[in-house]
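Chains as they are written, first to last, in our numbering: chain A, 1 to 333; chain B, 1 to 333.
If you're looking for bench data, these hints aren't it; they were derived computationally from the structure. Check before you lean on any hint, since a few could be wrong.
Because identical chains share one entry, a pair is satisfied inside a single copy or across any pair of copies.
Stated by the list, open to error - List of simulated lysine to any residue pairs, SDA-like, C-alpha gap at most 20 Å:
{"hint": "1", "residue 1": "306", "residue 2": "268"}
{"hint": "2", "residue 1": "309", "residue 2": "238"}
{"hint": "3", "residue 1": "322", "residue 2": "156"}
{"hint": "4", "residue 1": "322", "residue 2": "183"}
{"hint": "5", "residue 1": "31", "residue 2": "269"}
{"hint": "6", "residue 1": "322", "residue 2": "109"}
{"hint": "7", "residue 1": "152", "residue 2": "321"}
{"hint": "8", "residue 1": "221", "residue 2": "211"}
{"hint": "9", "residue 1": "322", "residue 2": "108"}
{"hint": "10", "residue 1": "322", "residue 2": "157"}
Chain residues, written in single-letter form:
2 protein chains.
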Amino acid sequence: MTNPVLVEVLRGAIVESAHRGAIAVFDADGKSVWEIGDTARPVFPRSAVKAIQALPLVESGAADAYGFGNRELALACASHSGQPEHVELARSMLAKAGLDETALECGAHWPSHDATIALARAGEVPNALHNNCSGKHSGFLCTCVHVGVAHKGYVNAGHAEQEMIRDAMQAVTGAAHGADERATDGCSIPTYAVPLRSFALGFARMVTTTGFGPERAKAAKRLLSACMAEPFFVAGTGRADVALMQAAPGRIFVKGGAEGVYCAALPELGLGIALKCDDGAGRAAEAMVAAVIAKLLHADETLAAKLIKLANAPIESRIGAKVGALRPTAALN
Amino acid sequence: MTNPVLVEVLRGAIVESAHRGAIAVFDADGKSVWEIGDTARPVFPRSAVKAIQALPLVESGAADAYGFGNRELALACASHSGQPEHVELARSMLAKAGLDETALECGAHWPSHDATIALARAGEVPNALHNNCSGKHSGFLCTCVHVGVAHKGYVNAGHAEQEMIRDAMQAVTGAAHGADERATDGCSIPTYAVPLRSFALGFARMVTTTGFGPERAKAAKRLLSACMAEPFFVAGTGRADVALMQAAPGRIFVKGGAEGVYCAALPELGLGIALKCDDGAGRAAEAMVAAVIAKLLHADETLAAKLIKLANAPIESRIGAKVGALRPTAALN
Numbered sequence: 001m002t003n004p005v006l007v008e009v010l011r012g013a014i015v016e017s018a019h020r021g022a023i024a025v026f027d028a029d030g031k032s033v034w035e036i037g038d039t040a041r042p043v044f045p046r047s048a049v050k051a052i053q054a055l056p057l058v059e060s061g062a063a064d065a066y067g068f069g070n071r072e073l074a075l076a077c078a079s080h081s082g083q084p085e086h087v088e089l090a091r092s093m094l095a096k097a098g099l100d101e102t103a104l105e106c107g108a109h110w111p112s113h114d115a116t117i118a119l120a121r122a123g124e125v126p127n128a129l130h131n132n133c134s135g136k137h138s139g140f141l142c143t144c145v146h147v148g149v150a151h152k153g154y155v156n157a158g159h160a161e162q163e164m165i166r167d168a169m170q171a172v173t174g175a176a177h178g179a180d181e182r183a184t185d186g187c188s189i190p191t192y193a194v195p196l197r198s199f200a201l202g203f204a205r206m207v208t209t210t211g212f213g214p215e216r217a218k219a220a221k222r223l224l225s226a227c228m229a230e231p232f233f234v235a236g237t238g239r240a241d242v243a244l245m246q247a248a249p250g251r252i253f254v255k256g257g258a259e260g261v262y263c264a265a266l267p268e269l270g271l272g273i274a275l276k277c278d279d280g281a282g283r284a285a286e287a288m289v290a291a292v293i294a295k296l297l298h299a300d301e302t303l304a305a306k307l308i309k310l311a312n313a314p315i316e317s318r319i320g321a322k323v324g325a326l327r328p329t330a331a332l333n
Numbered sequence: 001m002t003n004p005v006l007v008e009v010l011r012g013a014i015v016e017s018a019h020r021g022a023i024a025v026f027d028a029d030g031k032s033v034w035e036i037g038d039t040a041r042p043v044f045p046r047s048a049v050k051a052i053q054a055l056p057l058v059e060s061g062a063a064d065a066y067g068f069g070n071r072e073l074a075l076a077c078a079s080h081s082g083q084p085e086h087v088e089l090a091r092s093m094l095a096k097a098g099l100d101e102t103a104l105e106c107g108a109h110w111p112s113h114d115a116t117i118a119l120a121r122a123g124e125v126p127n128a129l130h131n132n133c134s135g136k137h138s139g140f141l142c143t144c145v146h147v148g149v150a151h152k153g154y155v156n157a158g159h160a161e162q163e164m165i166r167d168a169m170q171a172v173t174g175a176a177h178g179a180d181e182r183a184t185d186g187c188s189i190p191t192y193a194v195p196l197r198s199f200a201l202g203f204a205r206m207v208t209t210t211g212f213g214p215e216r217a218k219a220a221k222r223l224l225s226a227c228m229a230e231p232f233f234v235a236g237t238g239r240a241d242v243a244l245m246q247a248a249p250g251r252i253f254v255k256g257g258a259e260g261v262y263c264a265a266l267p268e269l270g271l272g273i274a275l276k277c278d279d280g281a282g283r284a285a286e287a288m289v290a291a292v293i294a295k296l297l298h299a300d301e302t303l304a305a306k307l308i309k310l311a312n313a314p315i316e317s318r319i320g321a322k323v324g325a326l327r328p329t330a331a332l333n
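Pulled out of the complex, with its shape left as it was, chain A reads as follows (with noise of 0.2 Å):
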């Protein structure tokens, strides 16, 4: 099955580049509200499915323990962009459980541009306190330390704490995470190809609760919360994610992915989201999941507009003047 056509590049009048992809829109039933292109094959969540890893740091008790408010869980929930705010909040979250950089195993690499070149200026090079994971991460460690079970080689599947992330992503999506979907994420953690359909479904009971007991489903309602509550935590400054959940406080969760995922959750209207872009790029999978967003949500006038102008970002030339943009098709109407 060939995805259509969901995302047209313009630059001038002409097409100059076009992204496939497949949309589920999924309730917590497990009823296809929308679906385009093939979102039974399996797809790499990536960062996109932040949330319900995060659902053991919770449970756990280990975020009460420590005393993790909004802020906290949004950076367990996050791929940020290495700004201060981020990297100190990720160092005080491991200095609570005892622990120091040291303990990630998520690598190091250089932030977003703009923090690049801050930390650049002041001389200094990322550690992995940058790495846009290391607020997952440092949930992770502070997981492991509250449970008391050994944190090193926390990343490996097969450790304690990524069994209990698949026994969470299992439950809440519904489907298999085995050795066969399994490979390795950029941060070093396993992640699993599942249809995009089971995302989709995930994401709906995340933000219902359906069918979760009590502990789950206070923690599942902290988590998105805590993400619609400080989206600067969850991304950083000038970021999709970001204006996306600002265009309208607490009616909309999202959370990109690399290769070009993302997953979504309206609280409104209780449905679940998980796309992806066939080729990967970001700005596709930022597009396809504003107009799918505007598409479904009862939006006013300002946050419509709010909804396109992010489906329809600008190309610009290097002295910045429009040359272009990008335009969701007909398929995404």
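Knowing the structure of chain A, use the given hints to seat chain B on it.
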């Protein structure tokens, strides 16, 4: 027409993302040697045709008047990484025509990752000389000064410089470059969408000089030879264009462009190649051009191994572990 998947991105053993595209290989007589996908669809060549756009610099006598050698001519055809060597050479080209960076109308942007860090550490910010197109623009400005036209507005359609370039593009590719095909490139000059097969034919002509007058023939030879002799000045440290041209010195000319375009020429076969990845991904275009060259060139084992390695770039985690790879599909065999 839906173009075929030409490159897959594997994570572990699972295909995570996929890139479609079209490729045209032509000889200088206009014979199609190999085509895949829709090679008649108009495509913006972006920076992949800089060697053709540099013809007026040589043909006008400007390159000789200012004493430009291989490095300057390579930089005039370059999308460089903004490393100090590139910046200084562009500055010296402008100085020979009595100009400095204030004459450049390409705009400024932060250069490649490593060059950005070096610049920020030095407490500096980029100027137009760091723009990846500054060598091309310096060539444009030198041409203006040498032939005696006012350089202000040299980036605009209708300016004498852009008309010289348009004439060269039309003559070499055989395709009309009209207002309907025109949009604006990232560096503010016009870019025209014409069929891939026209670019393939154009580069077959550039490398064989078939049908060219003696001045154009000499200019084409000098420009392609300069790029193959000084590939670092066409791109920069670690770039695919450099690796490809260094893999078989004098036997491979390649030039990438934004949004997943490549033009290439193989002197010993007299062939021109043009390709575009549908979605604009540079990683896939690099794999495609390496795979096509491996297919066409009569390569010994060492060269074949180099090309296959470039066509199958690894995907690494943040700790440098190989967790996946790009893989050309059977369509490229």
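Checked hints:
1. 306 to 268: within (19 Å within a copy, 55 Å between copies)
2. 309 to 238: within (14 Å within a copy, 36 Å between copies)
3. 322 to 156: between (46 Å within a copy, 15 Å between copies)
4. 322 to 183: between (40 Å within a copy, 11 Å between copies)
5. 31 to 269: Within. Shortest intra-copy distance 13 Å satisfies the 20 Å Cα cut-off; inter-copy 58 Å does not.
6. 322 to 109: between (31 Å within a copy, 16 Å between copies)
7. 152 to 321: between (51 Å within a copy, 18 Å between copies)
8. 221 to 211: Within one copy only: 13 Å inside, 71 Å across.
9. 322 to 108: between (35 Å within a copy, 16 Å between copies)
10. 322 to 157: between (47 Å within a copy, 16 Å between copies)
Checked against the numbered hints listed earlier, the structure breaks none of them; every hint is satisfied.
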